[in-house]
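**Student:** Keeping their order, the protein sequence lines are chains G and F. The numbering of the first sequence is the numbering used here, which starts it at 1 and goes up by one. The numbering of the second sequence is the numbering used here, which starts it at 425 and goes up by one.
Wrong hints could be hidden among the right ones.
[Stated by the list, open to error] Within a straight-line C-alpha distance of at most 25 Å, the following computed DSS-like cross-link-like pairs (lysine-lysine) qualify:
(1) Lys177(G) with Lys585(F)
(2) Lys585(F) with Lys335(G)
(3) Lys513(F) with Lys152(G)
(4) Lys513(F) with Lys177(G)
(5) Lys350(G) with Lys391(G)
(6) Lys585(F) with Lys275(G)
(7) Lys391(G) with Lys177(G)
Simulated from the structure, these hints should not be mistaken for lab results.
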Amino acid sequence: MNLQVVYCNHHSANLGIRERLAFSRAQMPKAYARLRSEFPQAEWVVLSTCNRIEVYTAQEDSGRRPSHEELANFFADFHQVPLEEFFDDLLERTGPDAVRHLFQVASSLDSMVLGEPQIVAQVKEAYALAQDEAASGPLTNSLFQRALNVAKRVRTETLLAEGRVSIASVAIADFGKGIFDRFDDKTVLVVGAGEMAAETLRYLTDEGAKKVLVTNRTRDRAERIAQDCGGVVRPFEQLDQCLAEADVIVSTTGASPPLVDLERFRRVRAKSGPKAVFILDLAVPRDFEPAIRDLDDNVFLYCIDDLEKVCEQNRLARSREVARALEIVERETDKFMSELYHRATGPIIKRLREQYHGAVGDELARLFSRLPHLKKDRAEIERSFEQLVNKLLHPPLEVLRDEAREGTPHGLMNALKRLFRLHD
Amino acid sequence: MLHVTIFCFLASYLVAFALELGRLLGRSRASRFVMIGFGLAGFAAHTIYLLNRSQQTHLPPLLASTHDWMLVLAWVLALSYLFLTLVQKELAIGLFALPIVLALVASAYFLNHEPNTVMNAERARRHWGMLHASFLVFGLTSAACGFLSGLMYLVQHHRLKTRHAEHMGLKMPSLARLAQANRWSVMLAFLLLTLGFASGVFLAVAPLGGTPSVNLSDRAVVISGVVWCLWAVLFAWLLTHRAPTGRQVAWLTISGCGFLLLTFVGLQVITGSIHSNSQILPAGGQAFEVEHDG
């Protein structure tokens with residue numbers, strides 16, 4: 001049995017290479033068709049995300065399997081990328097290493113953001129697609145189903161996926177949702193048009209935020225953001241009015257001196273009343289004077305440093321769980337490989353037993369036809385012969401099982417085939 | 425009926441609380457199941473104990489004795505805790521609710537176990553007494569909920585103001601929800617306590633087949649009246665104050681509810697019972713003998 005993965009990921013290849021080697025959803029059927037036509041005996045699963053492109057191969061028999069070079073050529077031909085540009089970035093793992101690699105990938109131990117949850121869905125999707133394309137088989141089915149189980153074990157038995165690690169998710173989940181119960185009745189104000197504002201806005205709209213006001217010195221950029229989230233652009237001159245209306249303020253202008261000082265915000269609070277206001281100052285330098293957070297009980301102001309500190313704490317907490325997660329992966333890899341090796345010896349054991357029991361059956365039939373008076377004790381005689389066969393077969397089969405714990409015992413299996421004339 | 429003692433459910437609640445504390449260090453599905461298991465076991469033992477007592481005294485637990493009444497209050501709070509814990513698996517309700525349950529059960533141990541013979545004697549008085557005790561128990565439960573939501577509000581507010589991440593084992597509802605719970609608890613508690621107080625006064629002055637069981641100049645009745653007046657002031661402030669902040673409401677609720685709970689529980693412990701010094705024997709002059717399990 002052969003298991004292999006040829007891959008490049010964010011550790012080995014830069015984004016430029018990964019972009020060129022990635023398979024889009026539309027390209028997948030064509031890729032599978034080509035792989036199947038070149039290696040009809042192999043099973044395939046292709047996992048392609050923005051951080052990794054991995055081709056898993058498995059083969060029950062020891063026939064010709066795709067080599068590292070052949071798969072590298074496949075990448076080069078399929079994507080029309082010169083081989084020398086990425087050959088060194090393309091890595092290979094085989095046998096238990098390949099299994100361990102997939103288990104680590106599915107458990108998000110190999111992700112750019114440790115413990116991120118999307119990878120499990122991506123692995124699941126890749127496996128489902130391989131099944132739809134009839135590219136997977138018994139080995140890859142076992143492998144991927146086990147990988148998804150391992151990912152679940154790691155998620156539930158460790159704290160690897162606990163705590164958020166991106167600025168926007170920490171801002172909304174750890175702080176925003178601690179202040180407000182819901183966002184669909186809140187007014188969100190975006191000041192500035194930075195990338196961070198757009199990302200935070202995505203989280204807010206996911207939480208149900210509907211009313212979004214966008215204001216920026218440059219109206220064009222504000223319109224672009226407003227268009228993406230269905231917001232309304234307000235002139236920058238109406239900033240004070242907007243601040244008073246808003247329940248959530250996301251600011252990313254980075255103006256110097258701060259855009260909103262204590263006095264200005266005091267005037268805003270006089271207009272808005274004492275309602276709770278959640279301010280995310282994601283700008284560097286800060287847009288809101290820090291003293292604003294002590295203005296009253298209902299002002300909750302967070303700057304980028306506050307959010308980054310929480311992200312870092314969560315990252316540290318996650319990294320402390322890596323050892324426990326790796327232990328689970330290691331145990332599961334051993335278990336999977338052991339099952340796989342036993343599976344490889346199964347047909348030999350079956351044939352050996354069939355051969356012996358067949359011979360016993362023939363001999364007994366001959367015996368009873370020549371000595372009919374023995375027929376009254378037939379059951380007892382048959383049982384004795386069966387026990388004799390079992391006793392004779394026990395030592396070689398025990399050795400085979402022991403050997404299979406360490407790997408597929410090809411040498412022993414061949415010896416058994418030759419010694420006992422076991423033919424396919 | 426099973427022989428259950430106060431210690432059985434006190435110990436179960438205590439273990440559930442210890443497990444809840446342990447969840448601050450690390451959460452696991454197993455620890456949650458064990459924690460809920462101990463909570464449910466404690467609740468079951470608590471229920472059996474109250475049923476046993478009811479059979480022995482021939483009175484509903486609310487009327488049987490001050491000891492039983494206090495245990496009913498703890499029982500309602502334990503039920504609320506279990507319901508919320510089962511529905512909201514992320515929230516650390518037990519960390520706040522279980523200490524109050526434990527305190528009530530522990531204080532019940534020291535209270536008067538003697539059955540209230542007055543209630544057993546007269547049917548009309550018994551109905552009014554039931555109404556009076558029910559209003560008080562549910563009023564105090566609302567007050568305890570107000571106290572807990574106020575406490576959680578302040579902890580959550582402090583976390584958000586000091587910009588700390590949410591602790592894994594200390595997840596709490598949002599400030600908006602806590603403020604809402606706070607306000608409703610105070611209003612409901614005031615309404616129920618008013619009805620409880622009114623029915624108590626009625627019970628004291630109405631000629632329901634015998635001599636009134638409570639003297640209106642009794643120290644406990646006077647203190648209860650004063651507490652009710654303070655609550656009326658808190659209620660009026662909540663209704664009339666223009667947009668108080670959640671934190672102000674939380675502080676007031678904690679003070680009001682805490683004072684109320686302490687006064688009621690303290691009064692019971694100090695005096696044995698509001699009605700303890702004015703018991704009347706039933707017509708037959710026969711008091712009930714009750715086996716004390718605690």
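**Student:** It remains to establish, for every hint, whether it holds in the given structure.
**Tutor:** Outcome of the hint check:
In summary, the hint linking Lys177(G) to Lys585(F) is supported, as the alpha carbons are separated by about 14 Å, within the 25 Å threshold. Restraint check: the Cα-Cα separation between Lys585(F) and Lys335(G) comes to about 49 Å, which exceeds 25 Å; the hinted pair is violated. The straight-line distance between the Cα atoms of Lys513(F) and Lys152(G) is roughly 19 Å, inside the 25 Å bound, and the hint therefore holds. For the given pair, Lys513(F) sits about 17 Å from Lys177(G) by alpha-carbon distance, which is consistent with the 25 Å threshold.
A threshold of 25 Å between alpha carbons decides the hint, and for Lys350(G) with Lys391(G) the separation of about 16 Å falls inside it, so the pair holds. Using a Cα cut-off of 25 Å, the hinted pair Lys585(F) and Lys275(G) holds, with the two alpha carbons roughly 15 Å apart. Of the supplied pair hints, the one linking Lys391(G) and Lys177(G) is violated, its CA atoms being roughly 69 Å apart against a limit of 25 Å.
In this structure, the earlier hints numbered 2 and 7 are contradicted, and the remaining ones agree with it.
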